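> These are the residues of each chain, in order.
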Amino acid sequence: MLAIRNLSKTYRGAVRALDGLELDITAGMFGLLGPNGAGKSTLMRTLAGLQLPDQGSIHFDGVSVLDDPFALRKRLGYLPQSFGAYPYIGCRALLRHMAVLKGLPDSIETQSEVDRLLELTNLTHHARRPVSTFSGGMRQRFGIAQALLGDPALLILDEPTAGLDPEERLRLYNLLSQLSDDRIVLLSTHIVDDAEQLCPEVAIIVGGRISARGGTELLVKELDGCVWQGSAEPSAQSGAVLLNSAYRQGVQIYRYFSRTCPAAGFEAVRPNLEDRYFLEMRGCEVGAC
Amino acid sequence: MLGRLKLGNEWRFLSRQPLVWLALAGAVIMSAVMAGGSPAPSGSTPAEALLRVNLFIPAFILPFLAAALGPTVFLREVEHDMSEIVGSYPMTVTHWLGVRLGSCLIVLVAACALAQLAMLATLASADPAAVPALTLQSLGWLLVIHAPACLIWSCLLARLSCATGHPGILYFAAGFGWVAYIALAMLTGTPLIGGSYVAWEPLRQALIIFDPYAITALVNPMPENGLLQSRAANIALGRIAWLAVCLWMLRGIIDLPARSRREEKAGKIENPDRSLLPDVVSRLPGWARHVGLHLRHVMRDRAFPLMVGGWLLLLGPEVYSGLSYAEPLAQVDPDSRDALNRVMWDIVPIAAALVLLYAADRVCRMYGAVRMHELVAATPYRSWLMVGVQILALWTVAVFFLALAGLAVVAAQLAAGSPIELWEYMLQLGLALPQLLLFGMLFAAVHALIRLRFAANLVNLLLVILGFTSLAPSLGFHHPLWRPLASPLAAPDHYWGFESSIAGYAPFLVFWSAVCLALVLLGMVLNHRGMAFRQMYWRSALRHPAIALVLTLAVGSAIQGRLIHVAFADEGLLVSPDERIAQRADYERNYGQWDAVAQPDVAAVRFQIDFHPSLRSAQLRASMTLVNRTKVPIEQVLVGRNQIPWDGDVRMGDAALVQADARLGQDIFRFQRAMQPGETRELSMAALFRQSGLVTASMPLVLRPTFSSLPAHALLPVIGFEREFTLRDPDLRRAQGLPERQLTPPSQLPPQSARLSADLANIETLITTEKSDHAIAPGELVSSWQANGRNHFLYRSEGAMRNLPAFYSVPWRPQTWKAGPIALEVHAPQRLSADDPNLRAMRDTLEWLGSEVAPYQSRTLRLIAVPEAGLSGYALPQTVLLSHRLAIRAYPTADAGFSQAYRRAAHETAHQWFGHMIGHGIPEEHGFLVESLTKYAELVIVERHEGGDAMQALVAYEWDRYRGARLDLAAPVAPLIDAEESEDMYSRATLVFACLRQQIGDEPILKALRAITSQGETTGRPVRSVDFVDALIEAANPMAEGTIRALLLDRAPLPVTLAKSGCNLNDPQFLAR
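Sequences listed follow chains F and S, in order. Be aware that the first sequence starts at 1, since it is given in the numbering used here, and climbs by one per residue. Be aware that the second sequence starts at 10001, since it is given in the numbering used here, and climbs by one per residue.
In case anyone wonders, no lab produced these hints; they're calculated from the structure. Note that the structure is a prediction, hence the values are computed from the model and not measured. Hints are supplied without guarantee of correctness; some may be wrong.
Pulled from the structure, derived: some chain F residues nowhere near chain S, Cβ distances all over 10 Å [unchecked claim]:
| hint | residue |
| --- | --- |
| 1 | E22 |
| 2 | H59 |
| 3 | Q178 |
| 4 | L179 |
| 5 | E201 |
| 6 | E217 |
| 7 | S235 |
| 8 | E285 |
Taking lysine to aspartate or glutamate pairs in the DMTMM-like style, the calculated list, with each CA pair at most 25 Å apart, reads [claimed, not checked]:
| hint | chain 1 | residue 1 | chain 2 | residue 2 |
| --- | --- | --- | --- | --- |
| 9 | F | K74 | S | D10255 |
| 10 | S | K10771 | S | E10825 |
| 11 | F | K74 | S | D10081 |
| 12 | S | K10631 | S | D10654 |
| 13 | F | K221 | F | E285 |
| 14 | F | K74 | F | E113 |
| 15 | S | K11060 | S | D11002 |
| 16 | F | K74 | S | E10077 |
| 17 | S | K10818 | S | E10780 |
Note that the Cβ used here is the ideal one computed from N, Cα and C, for glycine as well.
Throw the hints in and build the complete structure from the sequences for me.
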């Protein structure tokens, strides 16, 4: 289990990236949702032992990550938000090179593992091409493959679907679902759809704090009967909270959070995780429902 | 342990990096080239040559390898944005360091070993039998020099990588390490490049131990007393000290994470918004703001303040420490010209080119580095403006660093209390700037044209290497245009300023400006705009209006290049060394049989010379009277070109040209009627010599407004076969398929049948020059007059004199002095005082040798001060040439003990006896009778007129020089009378004669000198060194024969010979230190 307690980090200029963050994560897929600048990447890097917090603690299976980052790193698979690749070295050779760096033996077994991961990430046909010449999606698949090297117990993926085409994205969903059976897969994303489809549990991080956390279905269920949709703006007196407005086939559609129907022409709709996400962004309490 | 280093895994990565292979190949090629043009003095054994070339590995190759490989090994994650991924892997800092340090060390050591192999292969081809010994020696150097140097570089790279995470710092460190070590080597007399001297003895002493490469300890003599006497102990101590430094650096790396954590907590993280260029930038026009942006990118680089610091650190001490240096034990009163000359023409251009190379990468790849290239490429920002802004930014960097160089020199001058001349600064900095501006243009153009950043930088580096090193000539490309952006402009002196080279400055500048401008325009048209793809089709590019201008500039540069080429060809400067060697070999092959054919001698020469110094030309007409002094009729004469080739007219009276060999410059004339014994014939020649000024002036042929020298002795046609023009080097002879040359050493020469008269001739010269000039010729001045706006002078020798005529034209009026009955005529820019050391030395030598050995053979002796053109002192009959800087400007340092100027003037004057009276006529006798006996004269004259202490200081100086030149003092040597190495002929001879004087006194030596001089006069035959030895044995006490034989004929090492002869090097009576 991954236990995060009172984790804080402030950058120069009083930018508070993490603000006493508390989180417990058990095996399975866990989604971390939040807007840009909410502190997701800071949390990811801190978990991976790449950045030190100002205060707080992180324990993985009872071992303090901050005191002994190598204990975690031996069991960690990490995909950063953006990364490059050494030039001239082919994908397979680079994966094997990185496998050895991760502590795997330089053996035939490791080579088999590399080949399996290439197959898994659909890179077998490009195994000899240097990763530095890959397209964005292919490079992302390589990043996932390297993260999976060594069968890690904790998989931290920062925006893993960025740059993937729909087919690859689906493929990744399936892969991650399979992997999450016996390990923690921590998925950081601002694509709510990814989290809703993949993660049985999510946390929404806003301003460096967890503003909501729990089972995905439960977080959505708490909004039942409180989400309204219509094509006109209600009066300010209604007290309804605008969740989002979007054009759908040329017609502007508004979704509001309110205990009662905010205006004529609005109808109650089935809430989704995006509604909960926007509600948290607006800083509203669900109890108001 | 090795398993933990995961070397296989590192190899998996490194073996796929082209840069690694390029670096290894570069090391091998550079080594082979260096070994091919071996820097060892001629006559060195293969082992000595191997050591000399091995020194180039740490000094010249390792810094480049460090720069090339450092970022790949230590900063690959940073460079390729993989820090986060690799940082999350379970590797401790110690483990990471072990892996990277191990691989860096192995690659560097492997590169050194490959370089050694290339050197070995090159050197061993000359002496295959020496391969096993050389291989063993190479292994030794690998362990003692290269492996520790690799460790030091690896640790330094690791330390800097971990401390800064910035490849630029590594490039800077490598460049600084390279230039700084060469500067140190120059200051400590380490023979890596020419012009090295011991400028600061304490520094040399310190480097004997603390030289990171141990080179100082390997090539310098060890102190004779004190703690540092053992070479091996010094080297071992130095290696241990550097190992400790390495451990300290590594310890620092291991501590770094904890320290950075502490600093992070203490809020010491760099403010990313810090700006070095304040708000001024925002008020500038658009293009200037772009320039400011690029400059900010350069200046905010962490390497920039280091570069500025390093630049000042490199130049300031170099200028300060050598400001007044003239030569060992002599100094000048320095002014701004001396100060600027210390750095402005060697260190500044190459260091500034390296700075610009780095700045070009920062400036031209700025958008790519911040990942904005795609955004910028998509804007309507014009390519020409993009390149133009980059060039302006680079020009600003060039001006900044040049100004900084000026400030460093000013600071050094202020510290030394030397007068500062603003005009000199403006002149030198102004002349140095264009080359740097052109480098900026060239680098920007290369970056604009070549998409791959690495390839562009590699091309730029190659341009710098070609421009500043002898790589192109080493590879067989001798044309001057193979040196990008180079011009002949050289340091000015106080005799004639920039006159030696300024004429060639503009033609080269025009050529390179046109080339650079064409490339810049091409770069503007074909600019990749930071993208990995071509931005324009060729056919569209060809329709671009700028292409017409590019073509015009290309044609213009081709025309200018052609003009330069033709000027070089006309002056015979495009003949490669290989071709010269082949010509000399063919000369021997085709004309060697003429050595046995009776040929006439030159009995008289009548010259008519017209100097036109302002036009850099001179007309030479000569009529040579040939006389048949043999006993047989001569039917054919071989008339060949001399050392300096020329095109002109050669005619022989009563003879027809039957064969003309234009390549080797040999003509065969057949007389209509055979030349009977005693009969004479006339040979006439006429040639116009003109110097374009495209090449820096160097003696002996110099035609410039302030100094013109026409060495007729190297220009006149040569009659018959001249053995001196054949190849001497055994390796070259073997390579050319020539048989081994049988050279008889002087100690085994039989009595000679040659006649001294063959070298003598009556010389008459009518010489004219411009009306502001004075012309000088051998012989006595008979009359002078003005006609047609020109000065005319008639010179005539009083009887036959040594046939080595040379003519001069200078704008100085002659200064006349007397030395007894002999007139001393001085030609120098300033008036000499009566007690000038040169005049005193000439008087003292004339008086002493004239009375003790033989009378001086003329009525006049001339001293001509010459500019800095590759000559310190030289003696021709009746004429002494002395460097203006060394003879007239320089004076002894406080600790000198003797005057170099006095010594040199005495030496050159003594050649009127040793060289021009005796010592000629036998080609093999050019060492002992000429140089070694002159060193004896030097010793006596210095002692008689400067005192015993001065003489002892001179002996100590020559002992130091001998120890510096001979690495192994215990090795056997050639008998002194046979020796051909300069350290033997000069330094060893000084010590030998000092010992002889101590043991037998001067009288027997003078008797022997008188005997051989009169022997030459009475027999008309040249004397030999063995004649001197015999005469000395006869003149000395019979008990001294063993000493004389030991000192002059023994092969034992010098210290042994001296000790055997009763001269103890530790005896202050013999060698005062």
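> Now look at each hint and say whether the structure bears it out.
Okay, the hints, checked on the actual structure:
no.: 1; hint: E22; result: 22 Å, holds
no.: 2; hint: H59; result: 18 Å, holds
no.: 3; hint: Q178; result: 22 Å, holds
no.: 4; hint: L179; result: 17 Å, holds
no.: 5; hint: E201; result: 23 Å, holds
no.: 6; hint: E217; result: 32 Å, holds
no.: 7; hint: S235; result: 44 Å, holds
no.: 8; hint: E285; result: 36 Å, holds
no.: 9; hint: F:K74 to S:D10255; result: 22 Å, holds
no.: 10; hint: S:K10771 to S:E10825; result: 20 Å, holds
no.: 11; hint: F:K74 to S:D10081; result: 22 Å, holds
no.: 12; hint: S:K10631 to S:D10654; result: 20 Å, holds
no.: 13; hint: F:K221 to F:E285; result: 14 Å, holds
no.: 14; hint: F:K74 to F:E113; result: 17 Å, holds
no.: 15; hint: S:K11060 to S:D11002; result: 20 Å, holds
no.: 16; hint: F:K74 to S:E10077; result: 19 Å, holds
no.: 17; hint: S:K10818 to S:E10780; result: 15 Å, holds
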